[in-house]
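**Student:** Quick mapping for you: the protein sequence lines, in order, are chains B and E.
Reading the first sequence from the start, the letters are residues 3 to 398 in my numbering.
Reading the second sequence from the start, the letters are residues 226 to 602 in my numbering.
Worth flagging that the hints you see were computed from the coordinates, not collected in a lab.
Some hints here could point you the wrong way.
Computed footprint of chain E on chain B, listed as stretches where at least three residues anywhere in the stretch have a Cβ under 8 Å from a Cβ of chain E [claimed, not checked]: (1) 61-74; (2) 308-322; (3) 326-334; (4) 382-389.
List time: in silico SDA-like cross-link candidates among lysine to any residue, alpha-carbon distance up to 20 Å [what the hints assert, rightly or not]: (5) B/157 with E/396; (6) E/463 with E/475; (7) B/157 with E/463; (8) B/157 with E/475.
Bear in mind the structure is a predicted one, so any value in this text is a computation, not a measurement.
For each residue, glycine too, the CB sits at the ideal point set by N, CA and C.
Read off the chains here:
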Amino acid sequence: MQNWIDSLIAAGEFGKHPPRDLVYAAFILVLSAVVFLGVAFPFAGIVSWVERRVWARIQSRVGPNRVGPNGSLQWLADGAKHVLKEDIIPDEADARLFKLAPYVVVLGFVLPWAVMPFSSALILADLNVGILYFTAITALTVVGVLMAGWASDNKWSLIGGIRSAAQIISYEIPAGMSIFPVVLITGTLSMQGIIRAQEWEPYHWFLFSNPFCFVAAIVLYISALAEGNRTPFDLPEAESELVAGFATEYSGMRYLLFFFAEWGNMFIAGALITTLYLGGWQAPQLSSSAVVMNVLQLLSFNVKVLFLVFTSMWVRGTLPRVRIDQMMSLCWKFFVPIAFINMIGTAVWVAIWPDGNPVAGYVMFALGVAIAVLFIQRVMYYLKRSRMEMYLHPTI
Amino acid sequence: MSDATEPALRTEEMTLNMGPQHPSTHGVLRFVIRADGEVMREAVPDVGYLHRSIEKIAEKVGYHGFMPYTDRVDYVCAMFTNQGWGMACEKLGGIEVPRRGEYCRVISTEFNRIASHLLTVGLMGMDIGAMTPFLHALREREMINDLIEELCGARLTFNYMRIGGVAWDLPPGWREKALAYLDHLDPILAEYNALFSYNKICIQRLANVAPISAEEAINYNLVGPNLRACGVKWDVRKDMPYSAYSDFEFDVPIGHGEWGTLGDSMDRYMMRIYEMKESAKILRQALTRMPDGPVLAKVVRNFRPPAGECQVRVESARGDQGWYVVSDGSGYPWRVHVRTGSFAAMGIIQKLSRGLMIADLVVLIASLDVIAPEIDR
Numbered sequence: 003m004q005n006w007i008d009s010l011i012a013a014g015e016f017g018k019h020p021p022r023d024l025v026y027a028a029f030i031l032v033l034s035a036v037v038f039l040g041v042a043f044p045f046a047g048i049v050s051w052v053e054r055r056v057w058a059r060i061q062s063r064v065g066p067n068r069v070g071p072n073g074s075l076q077w078l079a080d081g082a083k084h085v086l087k088e089d090i091i092p093d094e095a096d097a098r099l100f101k102l103a104p105y106v107v108v109l110g111f112v113l114p115w116a117v118m119p120f121s122s123a124l125i126l127a128d129l130n131v132g133i134l135y136f137t138a139i140t141a142l143t144v145v146g147v148l149m150a151g152w153a154s155d156n157k158w159s160l161i162g163g164i165r166s167a168a169q170i171i172s173y174e175i176p177a178g179m180s181i182f183p184v185v186l187i188t189g190t191l192s193m194q195g196i197i198r199a200q201e202w203e204p205y206h207w208f209l210f211s212n213p214f215c216f217v218a219a220i221v222l223y224i225s226a227l228a229e230g231n232r233t234p235f236d237l238p239e240a241e242s243e244l245v246a247g248f249a250t251e252y253s254g255m256r257y258l259l260f261f262f263a264e265w266g267n268m269f270i271a272g273a274l275i276t277t278l279y280l281g282g283w284q285a286p287q288l289s290s291s292a293v294v295m296n297v298l299q300l301l302s303f304n305v306k307v308l309f310l311v312f313t314s315m316w317v318r319g320t321l322p323r324v325r326i327d328q329m330m331s332l333c334w335k336f337f338v339p340i341a342f343i344n345m346i347g348t349a350v351w352v353a354i355w356p357d358g359n360p361v362a363g364y365v366m367f368a369l370g371v372a373i374a375v376l377f378i379q380r381v382m383y384y385l386k387r388s389r390m391e392m393y394l395h396p397t398i
Numbered sequence: 226m227s228d229a230t231e232p233a234l235r236t237e238e239m240t241l242n243m244g245p246q247h248p249s250t251h252g253v254l255r256f257v258i259r260a261d262g263e264v265m266r267e268a269v270p271d272v273g274y275l276h277r278s279i280e281k282i283a284e285k286v287g288y289h290g291f292m293p294y295t296d297r298v299d300y301v302c303a304m305f306t307n308q309g310w311g312m313a314c315e316k317l318g319g320i321e322v323p324r325r326g327e328y329c330r331v332i333s334t335e336f337n338r339i340a341s342h343l344l345t346v347g348l349m350g351m352d353i354g355a356m357t358p359f360l361h362a363l364r365e366r367e368m369i370n371d372l373i374e375e376l377c378g379a380r381l382t383f384n385y386m387r388i389g390g391v392a393w394d395l396p397p398g399w400r401e402k403a404l405a406y407l408d409h410l411d412p413i414l415a416e417y418n419a420l421f422s423y424n425k426i427c428i429q430r431l432a433n434v435a436p437i438s439a440e441e442a443i444n445y446n447l448v449g450p451n452l453r454a455c456g457v458k459w460d461v462r463k464d465m466p467y468s469a470y471s472d473f474e475f476d477v478p479i480g481h482g483e484w485g486t487l488g489d490s491m492d493r494y495m496m497r498i499y500e501m502k503e504s505a506k507i508l509r510q511a512l513t514r515m516p517d518g519p520v521l522a523k524v525v526r527n528f529r530p531p532a533g534e535c536q537v538r539v540e541s542a543r544g545d546q547g548w549y550v551v552s553d554g555s556g557y558p559w560r561v562h563v564r565t566g567s568f569a570a571m572g573i574i575q576k577l578s579r580g581l582m583i584a585d586l587v588v589l590i591a592s593l594d595v596i597a598p599e600i601d602r
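All chains, full assembly: derive it from the sequences and hints.
**Tutor:** Written as structure tokens, this is what we have:
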């Protein structure tokens with residue numbers, strides 16, 4: 003990207019001696035606007051619709067189906083409605099912090115898109131510390147949530163904010179530790195570097211490269227649920243306990259921003275796991291054309307991420323919420339030790355087989371397939387059992 | 226510099242106001258919580274937000290006219306309040322209800338018990354953060370509502386019973402539909418258990434939360450499923466049979482503390498699941514053995530029971546419901562009092578709440594099956 007801007011400047015597109023910093027700043031502004039409005043927001047909006055439909059299906063409801071085909075434009079209607087609503091700031095609230103908080107949350111959700119590896123070419127900035135940047139920036143959300151909880155001057159909001167801070171900071175540790183095995187294997191923090199170290203076949207993904215990575219991926223997935231305030235860890239906004247948690251006093255657009263960030267964060271968490279463990283954008287070499295390959299890679303990446311997003315919706319539709327002490331003990335008594343073991347185990351593994359064990363991939367893949375088959379069998383059994391006469395013929 | 230005898234960081238208790246408008250208080254309830262962070266020192270229930278003077282209204286509208294008002298005492302299981310009022314008046318006036326009328330009462334109340342327990346069980350799911358069980362439970366409850374709607378035309382406030390029996394006989398074809406629903410219910414309960422009750426997180430959330438000992442439960446006057454969950458085998462239907470209950474074979478399930486302590490929230494929750502199965506058992510027997518005959522005894526329009534007082538007890542979905550009626554020989558009762566299970570359950574919350582977490586209070590309220598209109602009447 004920088005090379006391209008440099009070449010444009012050298013070709014005199016912006017006058018003879020343009021101020022280099024200004025041109026860069028202008029490009030960054032334009033690009034962030036494109037990412038923000040063109041990718042992140044529509045994505046979060048569509049995920050909100052998909053989630054409501056999937057959730058409705060799980061709960062045997064219909065869900066939004068009026069605005070647009072199958073209700074697919076519902077998110078636009080909701081967005082317009084929220085933006086047009088009155089922006090209420092409580093008298094007792096700390097107005098400046100209250101107004102700022104949603105933007106901080108949104109910042110934590112928009113900035114990771116800069117290193118989102120959609121395909122081999124489609125990445126805004128392939129930072130050499132990509133993963134580090136990714137985890138650091140997503141943790142910014144906690145500042146916004148805590149700010150919102152404090153500034154609202156509402157006790158329920160405060161409890162929600164504090165819960166969120168405790169939760170996100172705690173789960174950062176197992177999540178960070180679960181990134182480590184992959185970094186140990188590849189020796190790079192760059193998103194593209196990690197993806198290039200894998201191949202498109204599932205048994206060459208890092209998920210199946212060794213047993214420790216397999217466990218680490220599961221730990222990372224659950225920690226990502228916790229960091230994104232998703233069920234079963236949706237304590238900060240537990241509606242039955244804390245009204246709406248940190249968002250209790252918010253209304254209109256500011257309220258919307260919190261939820262956009264939540265839905266967008268589902269994609270971000272999925273992208274992180276896909277990049278690290280599921281082979282990222284790697285796709286079979288079907289064509290020699292770079293454009294076709296990039297489209298294939300884009301598809302491959304998005305399908306994997308959306309599958310993870312779907313599983314998080316599925317989990318949300320199934321599980322109840324844990325209590326705060328149970329959540330903390332799960333993190334500190336189970337995930338942190340397991341993450342440490344994964345890290346040490348992978349280090350030993352890499353020391354023994356520096357180029358990876360060729361057999362382990364196939365064995366672990368077979369194991370993964372066996373688990374998946376068992377799981378699908380169980381799901382099918384329950385699906386079959388739930389088809390009862392009464393639902394098929396409600397008038398008997 | 227801070228003094229060595231004082232803690233470096235000053236902390237203070239937080240007073241939280243939970244309700245009357247709060248998503249998980251099951252109506253208009255209010256709790257004043259003194260909390261130390263997430264842990265509660267005490268939660269003091271504040272009742273009276275839903276008081277509608279229903280008992281006083283009885284003194285103004287007469288015996289027949291009060292029947293629709295009894296629906297509003299507990300609108301989640303209105304059949305029981307209907308029956309309680311009907312039984313009290315029949316006892317005062319010395320009226321014999323026809324056998325088929327008693328069977329109709331048993332059938333409608335037991336269906337209502339299943340509906341009420343489905344709602345309780347679903348609300349428990351919602352209160353610990355799982356929306357799906359709630360909506361699945363409501364879906365099954367809708368089918369019962371359909372059945373009852375066919376029976377009496379209403380889905381929530383039934384006004385089905387009359388002094389001396391019930392208003393209408395079962396419509397044609399209703400019996401088959403009801404039996405089909407009962408066949409449908411058993412697998413549903415199994416599915417519900419698989420989905421929610423035996424879920425690891427659910428058991429973790431409910432087991433060992435706010436256990437009540439049998440002695441404590443009796444001292445605090447708990448009734449119904451809440452009492453039986455503590456291991457006390459007391460059911461008015463079995464121990465003081467009324468209506469047609471002496472005709473039927475059924476068990477009275479009690480708590481055993483399989484998941485944690487005896488009488489904890491999980492026991493109280495599971496009690497509802499067990500009772501739905503027992504209700505289905507009673508319903509099957511009642512529907513197959515239904516005698517013929519009228520459903521409503523002849524009662525004069527200007528019903529004037531002789532002066533006196535009476536007390537009847539009905540085993541409602543929320544436990545032993547007592548109706549105390551004093552007649553002075555006129556067309557209007559002199560005094561009516563309803564003793565409800567939810568009001569008794571509210572009394573023990575303050576004691577149990579000490580040392581619980583805020584999230585547990587929600588579980589406690591849901592497990593005691595407190596319904597706001599029944600507390601205040």
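**Student:** State for each hint whether it applies.
**Tutor:** Hint-by-hint comparison with the structure:
With 3 residues having a Cβ less than 8 Å from any Cβ of chain E, the segment 61-74 of chain B passes the three-residue criterion, so the hint holds. Look at the segment 308-322 of chain B against chain E: 4 of its residues bring a Cβ nearer than 8 Å to a Cβ of that chain, three or more, so the hint holds. A count of 3 residues in the segment 326-334 of chain B with a Cβ less than 8 Å from any Cβ of chain E is obtained; the coverage claim is therefore met, three being the minimum. Requiring three or more residues with a Cβ within less than 8 Å of a Cβ of chain E, the coverage given for the segment 382-389 of chain B holds, as 3 such residues are present.
This hinted pair does not check out: residue 157 of chain B and residue 396 of chain E have alpha carbons roughly 54 Å apart, beyond 20 Å. Pair hint residue 463 of chain E plus residue 475 of chain E holds up; C-alpha atoms about 9 Å apart against a cutoff of 20 Å. Of the supplied pair hints, the one linking residue 157 of chain B and residue 463 of chain E is violated, its CA atoms being roughly 48 Å apart against a limit of 20 Å. Distance hint between residue 157 of chain B and residue 475 of chain E is unfulfilled; the C-alpha atoms sit about 49 Å from each other, more than 20 Å.
Violated hints for the displayed structure, listed by number in ascending order: 5, 7, 8.
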